[in-house]
Amino acid sequence: MKKHQIILIVNIIFLLTSSLSGQSIWNGPIIEFEKNNNADPTNKINQDSITGSVAITRGNNGEIYNAYMENQAEKGVSPLGTEWAVGNLSEIETLTFSSFRTAVVIPKFSVGQKLVLHIIEEDIYLSVEFSSWTQGRSGGGFKYKRSTNATTSIVENNSETQISLFPNPSINFIQVTGLNQTENYEIYDVTGSKIIQGSIANNQKIDITNLKKGFYLIKFENGTTERFSKK
Numbered sequence: 001m002k003k004h005q006i007i008l009i010v011n012i013i014f015l016l017t018s019s020l021s022g023q024s025i026w027n028g029p030i031i032e033f034e035k036n037n038n039a040d041p042t043n044k045i046n047q048d049s050i051t052g053s054v055a056i057t058r059g060n061n062g063e064i065y066n067a068y069m070e071n072q073a074e075k076g077v078s079p080l081g082t083e084w085a086v087g088n089l090s091e092i093e094t095l096t097f098s099s100f101r102t103a104v105v106i107p108k109f110s111v112g113q114k115l116v117l118h119i120i121e122e123d124i125y126l127s128v129e130f131s132s133w134t135q136g137r138s139g140g141g142f143k144y145k146r147s148t149n150a151t152t153s154i155v156e157n158n159s160e161t162q163i164s165l166f167p168n169p170s171i172n173f174i175q176v177t178g179l180n181q182t183e184n185y186e187i188y189d190v191t192g193s194k195i196i197q198g199s200i201a202n203n204q205k206i207d208i209t210n211l212k213k214g215f216y217l218i219k220f221e222n223g224t225t226e227r228f229s230k231k
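In this note's numbering, the protein residues as written are 1 to 231.
Keep in mind that the hints were calculated from the coordinates and are not lab data. From a predicted model like this one, the values you see are computed outputs, not experimental measurements. Warning: the hint list may mix true and false statements.
[Claimed, not checked] Using 25 Å as the maximum straight-line C-alpha spacing, the simulated PhoX-like pairs for lysine-lysine come out as follows: (1) Lys205 x Lys231; (2) Lys108 x Lys231; (3) Lys145 x Lys230; (4) Lys230 x Lys213; (5) Lys75 x Lys108; (6) Lys114 x Lys231; (7) Lys231 x Lys143; (8) Lys143 x Lys213; (9) Lys230 x Lys212; (10) Lys114 x Lys145; (11) Lys231 x Lys212; (12) Lys114 x Lys75; (13) Lys213 x Lys231; (14) Lys145 x Lys75; (15) Lys143 x Lys114; (16) Lys194 x Lys231; (17) Lys145 x Lys213; (18) Lys143 x Lys108; (19) Lys205 x Lys194; (20) Lys213 x Lys108; (21) Lys212 x Lys143; (22) Lys114 x Lys205; (23) Lys145 x Lys108; (24) Lys194 x Lys212; (25) Lys145 x Lys231; (26) Lys75 x Lys213; (27) Lys114 x Lys230; (28) Lys213 x Lys194; (29) Lys114 x Lys213; (30) Lys230 x Lys205; (31) Lys212 x Lys145; (32) Lys230 x Lys194.
Given these sequences and hints, build the entire structure.
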């Protein structure tokens, strides 16, 4: 693999938007992100890199913040570059957007609420629902599910192959469909390190049992790149 291709793969995870001009509503597959208690927020594996302008994380206490624009959360202001509202994607024309804290009132109250996140720079709207929030100074853990771009595959070299991965997120394995022939593949973590390589035929499975929780990219020989999440 050429060096410039590796650089491209690393950048892809920060550019999963369908368009950078005009309003975009992400109503695609739901993925889950989790930052564990006491996990290093400066490590990209503990940041939800949603677009090229927003990566959500949290310190060991306090609110969430945008790691691309801030080193720590500022109460009532963070995450910079975002607006939040309580509601659903179908209601965005009537929702009132504000800072994260203003929208949820108290961060722990975000658990179970249906939220809409507006990423200002790319003008993207997506749904977010928190399922856990560690209170106080107990490690800063949190977990949420969010919607993704309906078109999640990124294709290079004008390849028309439609590859799908399921289940996604997954715990033990991902099954690959849509391959026309046996393909070589490489899996990269969010730091750009290649951690798995091999070959696979249509409908076969890749064992991801030993991967840490987080987001990964799988690059196929035909030029297609897909993103998946390990639970």
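Now the hints, each set against the structure:
With a C-alpha separation of about 16 Å, the suggested pairing of lysine 205 with lysine 231 holds against the 25 Å cut-off. Between the alpha carbons of lysine 108 and lysine 231 the distance comes to roughly 22 Å, so the proposed pair stays at or under 25 Å and holds. For a cut-off of 25 Å, the pair hint linking lysine 145 to lysine 230 stands: about 13 Å separates their Cα positions. Annotation: proposed proximity of lysine 230 to lysine 213 holds, straight-line Cα distance about 5 Å (limit 25 Å).
Proximity of lysine 75 to lysine 108 is assessed by CA-CA distance (about 14 Å); at most 25 Å being required, the pair is judged to hold. With a C-alpha separation of about 21 Å, the suggested pairing of lysine 114 with lysine 231 holds against the 25 Å cut-off. The suggested pairing of lysine 231 with lysine 143 holds, with an alpha-carbon distance near 11 Å, which does not exceed 25 Å. With a CA separation close to 12 Å, the supplied pair lysine 143 and lysine 213 stays within the 25 Å bound.
For the hint linking lysine 230 to lysine 212, the alpha-carbon distance of about 7 Å falls within 25 Å, and the restraint holds. Pair hint lysine 114 plus lysine 145 holds up; C-alpha atoms about 10 Å apart against a cutoff of 25 Å. With a C-alpha separation of about 8 Å, the suggested pairing of lysine 231 with lysine 212 holds against the 25 Å cut-off. Only pairs whose Cα atoms come within 25 Å are accepted, and lysine 114 paired with lysine 75 is accepted, the gap being roughly 21 Å.
Only pairs whose Cα atoms come within 25 Å are accepted, and lysine 213 paired with lysine 231 is accepted, the gap being roughly 5 Å. Our distance criterion of 25 Å between C-alpha atoms is met by lysine 145 and lysine 75, whose separation comes to about 23 Å. Our distance criterion of 25 Å between C-alpha atoms is met by lysine 143 and lysine 114, whose separation comes to about 14 Å. With a C-alpha separation of about 19 Å, the suggested pair lysine 194 and lysine 231 falls inside the 25 Å cut-off, and the hint holds.
Simply put, lysine 145 and lysine 213 have alpha-carbon atoms about 14 Å apart, close enough for the 25 Å limit, and the pair holds. Proposed proximity of lysine 143 and lysine 108 is supported: the alpha carbons are some 11 Å apart, at most 25 Å. Straight-line distance between C-alpha atoms of lysine 205 and lysine 194 comes to about 19 Å, which keeps the hinted pair within the 25 Å bound. Proximity of lysine 213 to lysine 108 is assessed by CA-CA distance (about 23 Å); at most 25 Å being required, the pair is judged to hold.
Restraint check for lysine 212 and lysine 143: satisfied, since their Cα atoms lie roughly 15 Å apart, inside the 25 Å limit. Proximity of lysine 114 to lysine 205 is assessed by CA-CA distance (about 34 Å); at most 25 Å being required, the pair is judged violated. A hinted pair counts as satisfied when its Cα atoms are at most 25 Å apart, and lysine 145 with lysine 108 qualifies at roughly 15 Å. Distance restraint check for lysine 194 and lysine 212: the Cα-Cα separation of roughly 14 Å lies within the 25 Å cut-off, and the hinted pair is therefore satisfied.
Simply put, lysine 145 and lysine 231 have alpha-carbon atoms about 12 Å apart, close enough for the 25 Å limit, and the pair holds. A threshold of 25 Å between alpha carbons decides the hint, and for lysine 75 with lysine 213 the separation of about 28 Å lies outside it, so the pair is violated. For the given pair, lysine 114 sits about 23 Å from lysine 230 by alpha-carbon distance, which is consistent with the 25 Å threshold. Restraint check: the Cα-Cα separation between lysine 213 and lysine 194 comes to about 16 Å, which is no more than 25 Å; the hinted pair holds.
Distance hint between lysine 114 and lysine 213 is fulfilled; the C-alpha atoms sit about 24 Å from each other, no more than 25 Å. Under the criterion of a C-alpha separation no larger than 25 Å, the hint pairing lysine 230 with lysine 205 is consistent with the structure, at around 14 Å. Our distance criterion of 25 Å between C-alpha atoms is met by lysine 212 and lysine 145, whose separation comes to about 18 Å. For the given pair, lysine 230 sits about 16 Å from lysine 194 by alpha-carbon distance, which is consistent with the 25 Å threshold.
The earlier numbered hints that this structure contradicts are 22, 26.
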